[in-house]
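> The lines below spell out each chain.
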Amino acid sequence: MATETAVRSGRTRVDGFRVTRAGLVIALVVAAALVPQMTQNQYYLGVAFQAEMLMCLALGLNIVVGYAGMLDLGFAAFFAIGAYTTGILSTKEHWSILASIGPGVLIAVICALIIGFPTLRLRSDYLAVVTLGFGEIIQTIAINLNQTGGPTGIYAIPALTIGSVVVASNTGYYYVFLVLVIIFALFSTRLRGSRLGRAWLCIREDEDAAKAMGINTNHYKLYAYMFGAVLGSITGSLYAPALTAISPASFGFSESLLIVMAVAIGGLGSIWGVMFGAAVVEIFPEVFRSFAQARLLVFGVLLVILMVVRPRGLFPERAFQGLGTRIRARLGHAVPSPRSGTGGPLVSLPTEEP
Amino acid sequence: MTAVLQTDHLSLQFGGVNALSDLSIEVDEGALHAIIGPNGAGKTSFFNCLTGYYKPTGGAVRFQGNEVTGLDAAKVAALGIRRTFQNIRVFPKMSVLENVLAGGHLRATSNLLSITVASRGFRRRERLLHEEAMASLEFVGLADQWNNLAGDLPYGMRKRMELARVLIANPVVVLLDEPAAGVSSVEREELSRVIRRIHDQGTCVVMIEHDVDLVMEIATDVTVLDNGRIIASGLPQDVRTNPDVIRAYMGRKRK
Ligand SMILES: Nc1ncnc2c1ncn2[C@@H]1O[C@H](COP(=O)(O)OP(=O)(O)OP(=O)(O)O)[C@@H](O)[C@H]1O
Ligand SMILES: [Mg+2]
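Those protein sequence lines, which keep their order, are chains V and U.
With the working numbering, letter number 252 in the first sequence gets 1680, and the count goes up by one each step, no holes.
With the working numbering, letter number 40 in the second sequence gets 971, and the count goes up by one each step, no holes.
Here chain V stands alone, though its shape is the one from the complex (with noise of 0.2 Å):
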């Protein structure tokens, strides 16, 4: 039946993606595994890390702005609730930091729920206002109360301890946010071929027509909201141990935008691309440091050609569609191709009933 052959044939072409995609995966996890091995330098390994915290934020943001497409301005503020609470906790009450993830995750998505349901149901230029508001308002709590630290923030933040391995080198905490990034790539890879996915893709494309598909619009952007909150939250629990001391400055509206940056650059909804994305941004400007003041202008002069280059990103969701399908076709393989009916003589429909 015409049916099984193209659902078959969807398939074998879908099997042959996953096949190559897997090997560059695999490729790629071994090649960010090796790189302390390559280097001692621990600038080198401290910018590294930087880029793979930035890559878990953008990896948060991106299921708020990439897949439902609502503008948060302020994706910090989840970040800093993580990284306080464990910070809290860790120095004062003698948590564990693992242990610590838990309440920091809680009170994030406490705060988005707040924060969220009364603004999600308004349109997406409230709700930008609203949510950099929010971050300033984190801000300067952190800043003002005693328990924080004020402006100085919290030092003498204890090792994080996983069983009785203690993780106190930055190859160490390299390799935790290694994993971490893995872990939330391949979360956000189920989400997005769920229907929590599909459901939050509706939304960013045309929200009237996703509540004819009986998508629920607000328990949904709101989803994806509390998402984006717990896994920027446990992205801050992680990074409070790595630094040893957090201040407010660490927290603000530029590390927002950085965010926001890098989810926008290398393609919103795109899994590789945010990743992508967040190296380049914390890459970029270290990479460029002899220039001095002027690298920061000639990054956002860069920002505004690519935005206008390529306004969805460096590699948006289907950048590498069909790349399996090319790769077998050239080992010689027949591959049905997806795209042949396009433009060619209408389909006749059978007459006998399915």
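Hints listed in this document are in silico derivations from the structure and should not be mistaken for laboratory results.
Nothing here was measured: the structure is a model prediction, and the numbers come from that model.
The beta carbon of each residue, even a glycine, is placed where N, CA and C say it ideally should be.
Any given hint could be a false lead.
Unchecked claim - Derived coverage of chain U by chain V (criterion: at least 3 residues anywhere in the stretch with Cβ under 8 Å from a Cβ of chain V; other residues may be distant):
no., stretch
1, 960-971
2, 1011-1024
3, 1049-1063
4, 1166-1175
For this one, chain V is given, so just place chain U with the ligands on it according to the hints.
Only chain U with the ligands this time, still in chain V's reference frame:
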């Protein structure tokens, strides 16, 4: 025959302007009910009232005997009332297959845990849904387009994709807003065949359509609107010869 969808003295005002006044329509089980009328007659507004996009200012909408007036659009869709849009609304940056899967949103019931771990049950349910989505695409003759971006499809194909997206939900009633408008005569043939097949499956169809020949060919009932009021209703052949209709609609040159 029992009415599946029914309106009772429905009215809708846009600041002083009566878009719909005192509209009472019954859509019978198994009907292919056409709604015709000149531009601006209120046909789309009527659909919007039925599907929760507009809140009627008066009257009631009943579906299978229950009042659904003023329900949220997503709730109405969940009840099994599905629609297409006059100015086609696809999700352009999603593939054709994903657009159809989105139509089956409420049939994808996996919880967060099984999604996260990609459990066996999740994979099985997704595979079934994919197969049904492919079957829906096959039904409208778009199976070979499954992996293209919806935004890349030509106009007529988007219209058919919208139909597939409605069908995967196994709706009780489908509301089609000008399904054959602006398509070539070949596409029109295909669309009318698809609509007839939807109807033959036992799904109730309400269709706004300007193409009188198409309406006469496939509709079982016709309601004619003009200025937000019903000016005639009944069997296609009766409506066609109704002098009011000829005056208000058929005699007038459109567009
Ligand atoms: N959101 C709205 N705000 C104000 N007026 C509206 C709105 N929607 C519809 N109307 C008015 O209601 C009347 C009916 O419009 P509607 O779109 O329902 O007509 P229609 O029968 O679908 O016409 P067409 O054949 O052109 O699609 C028109 O006068 C229109 O201007
Ligand atoms: Mg209309």
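> Each of the hints needs a verdict: does it hold here or not?
Evaluation of the provided hints:
1. Residues of the stretch 960-971 of chain U lying with their CB closer than 8 Å to a CB of chain V number 0, which falls below the three-residue condition for coverage.
2. Counting residues of the stretch 1011-1024 of chain U whose CB falls under 8 Å from any CB of chain V gives 8; the rule of at least 3 is met.
3. Interface restraint, the stretch 1049-1063 of chain U with chain V: holds (5 residues with C-beta to C-beta distance below 8 Å; minimum three).
4. Coverage of the stretch 1166-1175 of chain U by chain V is violated. Counting CB-CB distances below 8 Å, 0 residues qualify, and the rule asks for three or more.
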